[in-house]
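> Here is what each chain is made of, one letter per residue.
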Amino acid sequence: MVKSSLVLVLSLLLTPFPDVTCRNTDEVFQEQLLLKPLPSGDLVASFRFDIEWHGQTFEQRTETDESYLRYASLPREIVCTENLTPWKKLLPCDSKAGLATLLAGGKLFNSMYYSLGLHFRPVPMRPDDAGWSWQLTQTLTVVFDGFVRSKLTGTNGWTLSSLFGRPLDGPCPIASRSRLYVDITDIEQAPGFSLNPAGTTVTEASGMDRKYSYVLYNLLQPSTFAQVKRLNPSVNWDADWDMQSQRPWLHVERFLTGVGLHHGGISSLLHNRHPNRSLTVHHQDTLPWFLRVYSHTLTVTTAGKANPPSYVGYRPARDRERPHQLELLLTLPPATITRVDIQFERALLTWTEYPPDANHGVHICAAVVTAVLPDSDPCTGLCSENSPVSFYRPLVRDTGHLSRLYTQTLLVSLPTPDFSMPYNVVCLTCTVVAIGFGSFHNILTRSFRTRDPAQASGIVRHLANLIRRWRGVPLL
Amino acid sequence: MCQYCLIQVCTSRFWFNYRHVANVLSVYRSVKRLGIPDSHIIMMLADDMACNARNPRPATVFNNAHEQINVYGDDVEVDYRGYEVTVENFVRLLMGRVPPNTPRSKRLLSDERSNILIYMTGHGGDGFLKFQDSEEITNIELADAFEQMWQKKRYHEIAFIMDTCQAVSMYQKFYSPNIVAIASSQVGEDSLSHHVDSSIGVYVIDRFTYYLLEFLEKIHPASQNTMDELFRVCPKRDCISTPGQRTDLFSRDLSTVLITEFFGSVRKVELVTRVVSVPSLRDLLTTVPGKKDDINEGVTLSNVFADQLPVAQMVQKGKQKEWHPPDGFILAFWALVLLVFFKTYGMKHLTFIF
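Read top to bottom, the protein sequences are chains Z and D. Per this note's numbering, residue 1 is the first one in the first sequence, and the count goes up by one each step. Per this note's numbering, residue 1 is the first one in the second sequence, and the count goes up by one each step.
Treat the hints as calculated values from the structure; they're not laboratory data. A couple of the hints might just be wrong.
Chain D stretches covered by chain Z per the calculated footprint, using a threshold of three residues with CB under 8 Å from any CB of chain Z [said to hold, decoys possible]:
#1 154 to 165
#2 179 to 188
#3 231 to 243
Here are the simulated lysine-lysine pairs, DSBU-like style, with alpha carbons at most 35 Å apart [claimed, not checked]:
#4 LYS107(Z) with LYS218(D)
#5 LYS229(Z) with LYS32(D)
#6 LYS32(D) with LYS89(Z)
#7 LYS173(D) with LYS89(Z)
#8 LYS153(D) with LYS107(Z)
#9 LYS236(D) with LYS32(D)
#10 LYS130(D) with LYS173(D)
#11 LYS218(D) with LYS236(D)
#12 LYS173(D) with LYS107(Z)
#13 LYS96(Z) with LYS173(D)
A virtual CB, placed ideally from N, CA and C, is assigned to each residue, including glycine.
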């Protein structure tokens, strides 16, 4: 089943920059695709397209004015080809050349998970911080189903055309960097491992004794397409190889608790998988006003013991005006699971406020968990030019890198009324009034008196008299 | 500014109304093939079928059990989706009274020279069309919306196609000029769906749209087929319901109007190598009255609009008279009933009469 809950978050930094008019900008376009097999047998493909405008520089303020920060979230947005089409049109080469040719709706959306992203932000110029320039980053992440694939091919393996339906013909001509990476960290030791065609092997070491290996295909180098006209990497390894993959340090999940349509609760589980470093995370929740959240029921526990947050910022909702906002600053001890619980009651909405499919329920926005993770992932300091993340500029570079996680969105059933009731009430009331009151009114306001039947006309009287004579009753 | 615009509305929600989305996407595909670009098309889909969790083939919508063409395609652009498909948004779109921050792709950028094709499908009844199972638009509202469009000079000609049950009722109240309307079924009739795709599990196309598409597949940008062929596109033996049309409001003879004047974006271009002198617009406006000029027809005040409810002309094929038993039979039947009544309850009641 496709898990297609896309959380659309816009976090706009609305600081007033000088008006930048694009006269002769030095635009740089870079594209990259990273393929990584997961221990579950699935495969994740991350596309990343960067456009940077170098020519215009401006002075960035040293700190952000938070009064200009806006946050908006749309919990339920169906993502399909109709979202992909305008997203693709922002790319310089559209979907005609380069890595974007792999983006065909039929294969992409027939997957376990997909996510489209658009980030627009100022970045410091390289190599020094002399000025800042604008960067537009488009990301697309797809997780392909391993079970389906392995049943089709019979082995633990894949080719680019089996994933996307077509191989690569060439780079985008205006890209300054166009690369395909295959992450072989977990599978290069596997028996029966094979990778065709051969590419450049890149090895990265991180600060925490993690080693990453990638195979790089540089699409801009003519040697990549020298042997084969179309690049179609294929990877195979034995099916019984157990991948010892490193799991990420921070993992969050959220779910609803409680039964019935009156009370309920929301629980977040924050996993800190780092063996000896505690993490400070910022947990932000926006809940709609009709979930009447009670802040006195907020509990944070770690391994059964209370773990009070360093900061709790709670702004209660106002009915039909603004939602609840809950911010927590939590310290997660190493190698533990922290649980954040809060209870709520469901409110009744007026019958016009329900959506057309009211019995489906309402979606609750994802919680946002932000943390500065220690520099255990590669390239927070110096990076080699060949590394897949070498052109990713993290926002915090001294202590680690900023990581923002979004939890699942929740589906809450609200007590919905029977929408046919207004019609039923009208029918019933009118019937009761017509029969009950109507008859009563008639009896009270009408006077009844007998009336002789009207004298019939001649011929009818004649006929009636004939019948009366035959019966022997008095004539008219 | 669109000279050839298309507005498509699918008003039905839920998976079992897959065929309505397939209807709209099929017409979209045909019209795009004939040349109207996405910027001139406004598509309103009330629910998502392609990436619906129930769809066994994600990102595809088929209009045929053979599943040969994916009408959803790779470059579909939906302008109004999900909860945004409401009567208010539709009427605002037609009249141009949209909120100021509405993006261009969600506005109808038409002017007095635009030919607009409006295709609506969903569940309908006598005089209304249901939007998303929670509200409806009536034929009077629709007629008034078109009249407002005419007053604001937002269209030159409108072709209105409706594929719902009792669709004829929706165009009965039109009173603005230059509208031709085609509906898939008469008042009191249901429009039926065509066939089921057993691998998807729902009906995938409606009958009227299926035959309309069969017809449109034969049209190409240089076709000389005319609009009156649309009236015969689905005879009763194929559609089971009786399609109807309304042509009295249209100023031109429909046997001279090409299909591509509504369904495609074909303009007549004549290449000349000699110098042509074009009379100025002022000269055209001050010419002898009585000269027929399409562009200025709306400007003069001497238009005679058609009767608001020309019942006699509305339906081309007469409504079928229902069978009625003979009058003598009815008389005898009631006499029998009365006789039995009086026999049962006594002849004394007869004295009241005689």
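> Are the hints correct? Go through all of them and say.
Cross-check of the supplied hints:
1. 154 to 165: Coverage by chain Z is violated for the segment 154 to 165 of chain D (0 residues, Cβ < 8 Å).
2. 179 to 188: violated (count 0)
3. 231 to 243: violated (count 0)
4. LYS107(Z) with LYS218(D): Distance of about 31 Å is within 35 Å: holds.
5. LYS229(Z) with LYS32(D): holds, 33 Å
6. LYS32(D) with LYS89(Z): Answer holds: LYS32(D) to LYS89(Z) is near 18 Å, not above 35 Å.
7. LYS173(D) with LYS89(Z): violated, 42 Å
8. LYS153(D) with LYS107(Z): violated, 45 Å
9. LYS236(D) with LYS32(D): holds, 29 Å
10. LYS130(D) with LYS173(D): holds, 17 Å
11. LYS218(D) with LYS236(D): It holds: about 21 Å lies between the C-alpha atoms, which stays within 35 Å.
12. LYS173(D) with LYS107(Z): violated, 47 Å
13. LYS96(Z) with LYS173(D): violated, 49 Å
The structure fails hints 1, 2, 3, 7, 8, 12, 13 (numbered hints given earlier, in ascending order).
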